[in-house]
Amino acid sequence: MAKEDSTAQFAERARSVQTVVAEAKDLAAVFEYAADITVKQGGDTLAAPGIQGKERDRLLEVCRAKGIELICGELRETAGRISTGLTGADWGIAQTGTLVMDSKSEDIRLASMLCETHVAFIKKSRIAPDAGTIEKELSKMMKASHGYLAFISGASRTADIERVLTIGVHGPRELHVLIIGEDGQ
Amino acid sequence: MIKTPGDVKTYKLDLKRALANKFLGATLDAFASAYPQSRANAFSGIDFDCLAAEIARGKDDSIPKIEEMLEEFTARAKEAGAVVHFARTAFEANSIIASIAEENGVKRIVKSKSMTAEETFLNAHLERAGYVVSETDLGEWIIQLRGEGPSHMVMPAIHLSRRDVAELFTKVTGQEMDPDDIGAMVEVARNELRRKFLEADMGISGANFAIAQNGAIGLVTNEGNGRLVTTLPRVHVALVGVDKLVPDVTSAMRILSALPRNATGQLISNYVTWITGSVECKSAPGSRKIMHIVFLDNGRLALAKDPIFSQALRCIRCGGCANVCPIYKLVGGHNYGHVYIGAIGLILTYFYHGRENARAIVKNCLNCRACKSVCPAGIDLPRLIKEVHRAILEVEGPKPLKNVLLKRTLENRRLFHFLLRSGSLAQAPVVEGRFLRHLPLFFTEEHRFRRLPALAKVPLRDQWEKINPRIENPRLRVALFGGCLTDFVYPEQGQALLDACRGYDVRFEYPMEQSCCGLPALMAGEKETARLVAIQNLKAVDPAQFDYVITLCASCGSHLKDYADLLADEPLLGVKAAQLQDKVIDFSSFMTKVLRVDPGEFRSAGGGKTAYHAPCHLCRGQGVTKEPRELLSLAGVEYVRTKEEEVCCGFGGSFSLDFPEISAELLKRKLDNVADCGATALVTDCPGCVLQLKGGMEQRGGKVEVKHIAEMIAERRK
Numbered sequence: 001m002a003k004e005d006s007t008a009q010f011a012e013r014a015r016s017v018q019t020v021v022a023e024a025k026d027l028a029a030v031f032e033y034a035a036d037i038t039v040k041q042g043g044d045t046l047a048a049p050g051i052q053g054k055e056r057d058r059l060l061e062v063c064r065a066k067g068i069e070l071i072c073g074e075l076r077e078t079a080g081r082i083s084t085g086l087t088g089a090d091w092g093i094a095q096t097g098t099l100v101m102d103s104k105s106e107d108i109r110l111a112s113m114l115c116e117t118h119v120a121f122i123k124k125s126r127i128a129p130d131a132g133t134i135e136k137e138l139s140k141m142m143k144a145s146h147g148y149l150a151f152i153s154g155a156s157r158t159a160d161i162e163r164v165l166t167i168g169v170h171g172p173r174e175l176h177v178l179i180i181g182e183d184g185q
Numbered sequence: 001m002i003k004t005p006g007d008v009k010t011y012k013l014d015l016k017r018a019l020a021n022k023f024l025g026a027t028l029d030a031f032a033s034a035y036p037q038s039r040a041n042a043f044s045g046i047d048f049d050c051l052a053a054e055i056a057r058g059k060d061d062s063i064p065k066i067e068e069m070l071e072e073f074t075a076r077a078k079e080a081g082a083v084v085h086f087a088r089t090a091f092e093a094n095s096i097i098a099s100i101a102e103e104n105g106v107k108r109i110v111k112s113k114s115m116t117a118e119e120t121f122l123n124a125h126l127e128r129a130g131y132v133v134s135e136t137d138l139g140e141w142i143i144q145l146r147g148e149g150p151s152h153m154v155m156p157a158i159h160l161s162r163r164d165v166a167e168l169f170t171k172v173t174g175q176e177m178d179p180d181d182i183g184a185m186v187e188v189a190r191n192e193l194r195r196k197f198l199e200a201d202m203g204i205s206g207a208n209f210a211i212a213q214n215g216a217i218g219l220v221t222n223e224g225n226g227r228l229v230t231t232l233p234r235v236h237v238a239l240v241g242v243d244k245l246v247p248d249v250t251s252a253m254r255i256l257s258a259l260p261r262n263a264t265g266q267l268i269s270n271y272v273t274w275i276t277g278s279v280e281c282k283s284a285p286g287s288r289k290i291m292h293i294v295f296l297d298n299g300r301l302a303l304a305k306d307p308i309f310s311q312a313l314r315c316i317r318c319g320g321c322a323n324v325c326p327i328y329k330l331v332g333g334h335n336y337g338h339v340y341i342g343a344i345g346l347i348l349t350y351f352y353h354g355r356e357n358a359r360a361i362v363k364n365c366l367n368c369r370a371c372k373s374v375c376p377a378g379i380d381l382p383r384l385i386k387e388v389h390r391a392i393l394e395v396e397g398p399k400p401l402k403n404v405l406l407k408r409t410l411e412n413r414r415l416f417h418f419l420l421r422s423g424s425l426a427q428a429p430v431v432e433g434r435f436l437r438h439l440p441l442f443f444t445e446e447h448r449f450r451r452l453p454a455l456a457k458v459p460l461r462d463q464w465e466k467i468n469p470r471i472e473n474p475r476l477r478v479a480l481f482g483g484c485l486t487d488f489v490y491p492e493q494g495q496a497l498l499d500a501c502r503g504y505d506v507r508f509e510y511p512m513e514q515s516c517c518g519l520p521a522l523m524a525g526e527k528e529t530a531r532l533v534a535i536q537n538l539k540a541v542d543p544a545q546f547d548y549v550i551t552l553c554a555s556c557g558s559h560l561k562d563y564a565d566l567l568a569d570e571p572l573l574g575v576k577a578a579q580l581q582d583k584v585i586d587f588s589s590f591m592t593k594v595l596r597v598d599p600g601e602f603r604s605a606g607g608g609k610t611a612y613h614a615p616c617h618l619c620r621g622q623g624v625t626k627e628p629r630e631l632l633s634l635a636g637v638e639y640v641r642t643k644e645e646e647v648c649c650g651f652g653g654s655f656s657l658d659f660p661e662i663s664a665e666l667l668k669r670k671l672d673n674v675a676d677c678g679a680t681a682l683v684t685d686c687p688g689c690v691l692q693l694k695g696g697m698e699q700r701g702g703k704v705e706v707k708h709i710a711e712m713i714a715e716r717r718k
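Keeping their order, the protein sequence lines are chains A and B.
Mapping of the first sequence onto this note's numbering: position 145 corresponds to residue 145, and the numbering continues sequentially without gaps.
Mapping of the second sequence onto this note's numbering: position 317 corresponds to residue 317, and the numbering continues sequentially without gaps.
These are calculated hints, taken from the structure and not from any lab test.
A hint or two may mislead.
Quick list of simulated restraints, FRET-style, between CB atoms [said to hold, decoys possible]: (1) B:195 / A:41: 18 to 28 Å; (2) B:163 / A:41: 30 to 40 Å; (3) B:638 / A:8: 42 to 52 Å; (4) B:29 / A:58: 54 to 64 Å.
Every residue gets a Cβ at the ideal spot worked out from N, C-alpha and C, and that includes glycine.
The task is simple: from the sequences and hints, build the whole structure.
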């Protein structure tokens, strides 16, 4: 499958499980998006434990400008008050609209579990047509000692009361995926 | 606590109560109606049968190697910092988990959904030991608060209404809940359980996979509670049946591609989590999770060595067999399993929870094969259910009178046919048209949902010489396998076959030594009798002498094809049984594919709409689905599709005598669907279904004419 087709299928399948999918030019655009959505939803914190170095400084600036607190680590301490969790994804699987996230780091896990809205970004080049295509990479990530590999497809959901679909039972209430094009970084 | 009656009498009272529960009936019906389409959508672009065969093959390869896989898994998981335990019994597993809790000074425990933990009654064990255990899957939490077991393996609280949940949550929160605000109720769960996650010292999960190759476990969830259970507390214990071991990532991915699709019609569940060893956990000493994996045997390793039952270990716990079961749909999971629910539940109950719990429920199977047709691991569920039934009968003895009589009469064809002929004479005073005026003495009020047909005055075999035209130079030689119903109740169906094939140069023969096909014996758990009768029939009908062996009975046809399995070990007849399998054909396939009847052979259209009922043993038993509809259309019949055309009519042979209340309800729904589509006639290709449908139609005073498809086709011939 051509890259464009995979991306289109990924977006279609992800949307079918209530994921918001958008394109982003680069990481800076992702930061803007995450900060904006936090403000829009009345939140005041953004947890992004995976963003480091120069990028973190840049994100900090964006957050400051919008009056948002940036949480970079020790997420257990802030468990009850994470508005938005921002993380990268290692792979995308087009066939099922799935994000594959290496979640060895506890903070990465908590950022994507305890937030109200999860914003994840992924490079277009990392969207595979199906799980079989990236099986070697998946194996490698599992095999790494102390591995925690997450497949995420849509926001937390339940249908346990009269089979009525209800979003946001335990994890995030919303999942936003930003696809960064080839020339982004 | 889960209570499953050990005797049929009590069980039937439970069934009656369930049938009277309007909410249960409506909610399960809505689910059963929606499921086939969402499942089909989820599998679009995937060859399901091929995938199921691959999963079955993979499982069959790995089941004999469970112990090797366990060794490999243990080595890999240890390298990654996990402690691996092996529990031979449920009690041992519970005790191991309790002592892990004790060693680590645990007080509060959160759990994600695990059928294996339900199997061992882990919560009760831990609570007795003084721990506070909270289920965190919404459905599991609800039933835990109510003190119930799950009523479905994937949707544990499907039997409850929003009102039930609102009442429960009002008690939990002390605040009035609005039953129509499901969002608010889910919010209650989110808040209540979030607190529990943060306070818990230990998380217990199950696992859908344990991958030997890398020591990883895989968890499939929608709510995300599994992620919190395995992340927040400092201790994680995974309780895993040894049957969840798979050799490698490829096998796990293959099963994952079928599991959510078949369970809930989702392409994938929201969260699939793969955990290898002790992951980072900042609340644990040294920031490493205290990770234990407890493997449960509880009879699985012995099951793995059983030539017949080992395939039960292929199960991936999708719950699909319950989703399509017409009986589950009527009575719900609390009356259709013990801990494990649905067709697989009837089987596993015997092995994991004992004969007492399996004895009554295992009889409640129509053998309609709906479960088998959707099983993603290709488990022959109806067959295993009968094998469990048989095992219980054999172990418990003495056998019920029904079995003794069945065995004595069926094993002696002359006696059997003598009895049928005598019955025909004896019934004379109570015959009214083609029906019995009243039911024989041993029937009860509950059997009154349909009228029973009278035995024919002259059975087909005694008319045969007279009605069968002599074809001197036939194009085809075909044996007719009558089966008891066509022979002794509906000989006119045999006549219809001859009429329908008039002018096609087919010489039909009726081998007189043929007897009952033997399916009723197998259904009653009398395998030996079934085998003896099969041998008798194979001696009577040598498949090598005929081009085809036709039967108007879907059940006989499907069972004749199964002789190949039943007699595989029979030294002299194994080959013949296999040959027979190739030559057995149903009426519609014979007309459309062999004779290739032409529309010109039929009178021009007339009459009203005709509905069709697909017999279980034709559409699923023999995979014949297109041909009957094609034949109706060739003959100019105005066929109208009805709702749930392929759902069982509720006959199931003697099932309808054993469980008349279930049979009656299935029949009612079937006839309602036919009435709804405005048909004036209803055809099917099985005399068993004709008996049920015709008797029901007569009893309700309906105007729709019920007949065998051969009769309608014969009437239409020019």
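Consistency of the hints with the structure:
1. B:195 / A:41: 18 to 28 Å: holds (23 Å)
2. B:163 / A:41: 30 to 40 Å: Distance hint for residue 163 (chain B), residue 41 (chain A) holds at roughly 32 Å.
3. B:638 / A:8: 42 to 52 Å: holds (44 Å)
4. B:29 / A:58: 54 to 64 Å: Once the Cβ atoms are compared, 57 Å apart, the range 54 to 64 Å for residue 58 (chain A) and residue 29 (chain B) holds.
The structure meets every hint from the earlier list without exception.
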